[in-house]
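Visitor: Each protein sequence line maps, in turn, to chains Z and L. Under the working numbering, the first sequence has 39 at position 39, and the numbering climbs by one with no breaks. Under the working numbering, the second sequence has 206 at position 206, and the numbering climbs by one with no breaks.
Think of the hints as simulated: they come from the structure by calculation, not from any bench. Note that this is a predicted model, so its numbers are computed, not measured. One or more hints might be untrue.
Claimed, not checked - In silico negatives: residues of chain L with every beta carbon more than 10 angstroms from chain Z:
1. 75
2. 88
3. 90
4. 159
Stated by the list, open to error - Which chain L residues face chain Z? A few, computed with CB under 8 angstroms, are given here:
5. 28
6. 32
7. 55
8. 60
9. 174
10. 177
11. 180
12. 182
13. 185
Stated by the list, open to error - Below are the SDA-like pairs computed for lysine to any residue, each with C-alpha atoms no more than 25 angstroms apart in a straight line:
14. 198/L - 59/Z
15. 198/L - 243/Z
16. 191/L - 257/Z
17. 194/L - 240/Z
No residue lacks a Cβ here, since even glycine has one placed at the ideal position from N, Cα and C.
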Amino acid sequence: MVDSDSDADLSGIAVQLRDSPAFLAGWLAATPGADQLMSRLGLDEAAWHRLLVCRTPRPDHFAADVATIADYLGINALVLATVLREAAAVAALAAGSPGGGLATDQAVGLLAAARDAAEEQSPRSPGTDRLRRLAEATWVAAPIPAREAHDVEAAVAWSSPVAVISLPRLALASANAWLDAHGIPRLGGGADGPLRGLLVAWRGNGIIFVDGTLEAAERRFVVAHEHGHFLLDYLEPRRRVLADAPELLAVIDGHRAPTSADRARGALARVPLGLHTHLLERDLGGGAAQSVVAAEDEASLYALELLAPWEAVLRRLRAVLTGGRYAQLLSVAADILEREFALPAGPAAARSAAALETLGIRRSFFDR
Amino acid sequence: MAEHVEPEQVDLLRLHVELCAGEDPTVPARLAELLLPALRRRFRSAPAADPHAIESLIDLSIARYLRDPARYEPTRGPLLAFLYRDVEGDRKNELASLGSRRAHELPDSEVVDVSADRRNLGMDEEVLDALDPFDMPREILEAARSEVAGFSDQDRQLLVLIGDGVRETVAYSEVLGITHLPAEVQRREVKRHKDRLKARLEVIRGRLGL
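Bound-form chain Z, shown alone (with noise of 0.2 angstroms):
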């Protein structure tokens, strides 16, 4: 009556458990194409339904509990990670906005922020210790051989929902390819002009879009800005609005239109109910707008934390800035900064006069 090769096959389970987020099989269940995930994964049927009968990973056990799955399953971990933060995006981003399309300038709750491929100014300022703990926490939350091997696009999966999603020559036009292709809607408004990064947040998931063909240490920077914007324009007013007005998420996720009492209470617990910054737009004469300007000199800092951490840039500049001319001492500290740290030229040079005004070395007035 049964046929015994296969009594071990866990598929009829898996369907069994496809109404239950509690299991992979059931969280798996709104992503579109889930069925693609197993190639991807490199797993026979057999092994893709014993995934799909394991309990979903906490979200505040991301780590361990995906790292337990990949090693019963005997694959790749962060290959897993990343699998599961994509499908979570893909997920929330195919149940659509509050408009059916994702229109940037009229969603509540989404944020899209872009990083265009013309030249920007690194800020030159330390930062804040407030930014210092979100990086930490970044590379605390990514198992011990990403933080060793700096790898950035791994500590961004394994420390907060994100996909980080590589395409050849990014733009607002490959990006939409790319939603479309997962039956997502399309992203509204912005130039379609060239870029190294686009974030695309919407209920509480999700995807840093990065140009493929940038260089190793530019890559990693926007890969590093824009999960700055995640953490700090997306993720950090949503746990705030959770702390302060749980009753508002529904709005913020587009379940529900906003009411007049919900706009007071979110003025009242300080939430801003248009939680989204439109980062694509730009003002009448080329220039971004101030709030732009703050969100984009924020996200660079939290990216330049958590690539070349202040405390260690101190140390290292402390140990061979010994004597010289300002011009010279920068550029020892920026090669060193580009050298041992991996980054960019321009954010390497930004860095270095922080750090060099920190140090107690300026200008005098034979380098003017």
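Following the hints, put chain L in place on chain Z, whose structure we already have.
Guide: Same frame as chain Z, now just chain L:
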């Protein structure tokens, strides 16, 4: 795979305890790998309305247990015996249903849905929501909070929301990490967790004599 090896009761019991603890995410799959072949072997010669129906009933029974392991009480017998009785009950119901259908000369095309939970979930949820089963006295919630060591971080966060009277599903979904799922699925899952916590709070209330 433990295809032809009878699982040891002690192993099943250990995995059952781990399943209830909810720490190791692989325990459901590892348990299913042991239970499925063992149950299939037991039902190999059992008559069924459909040669494949028994497999579905076994899958359904194991899934039901994995979703709600507290249904099984170890002091009442081995886990395999519990699941065998569960499948056997479903199988007999199915046969009875088939017999009854034939007696009433219903068309053959009518299919017995053995996989669906026959309860009217929608109505149940509406009634429970209306009754607000979590509108408990504050002292119970306080007592529960004092037993924080027994709760996971996630459960503690959920209890805080319950204690604060938060009713919005999304707030609980955020804690559970399921905000990417459709609203109806979120609502069902949040309710399941609230029910689970309510049952746990009741146990604590009994223990504290409240």
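Visitor: Each hint: holds or not?
Guide: Results of checking the hints against the structure:
no. : hint          : result
1   : 75            : 25 angstroms, holds
2   : 88            : 15 angstroms, holds
3   : 90            : 13 angstroms, holds
4   : 159           : 14 angstroms, holds
5   : 28            : 5 angstroms, holds
6   : 32            : 5 angstroms, holds
7   : 55            : 6 angstroms, holds
8   : 60            : 6 angstroms, holds
9   : 174           : 6 angstroms, holds
10  : 177           : 4 angstroms, holds
11  : 180           : 4 angstroms, holds
12  : 182           : 6 angstroms, holds
13  : 185           : 6 angstroms, holds
14  : 198/L - 59/Z  : 22 angstroms, holds
15  : 198/L - 243/Z : 22 angstroms, holds
16  : 191/L - 257/Z : 23 angstroms, holds
17  : 194/L - 240/Z : 23 angstroms, holds
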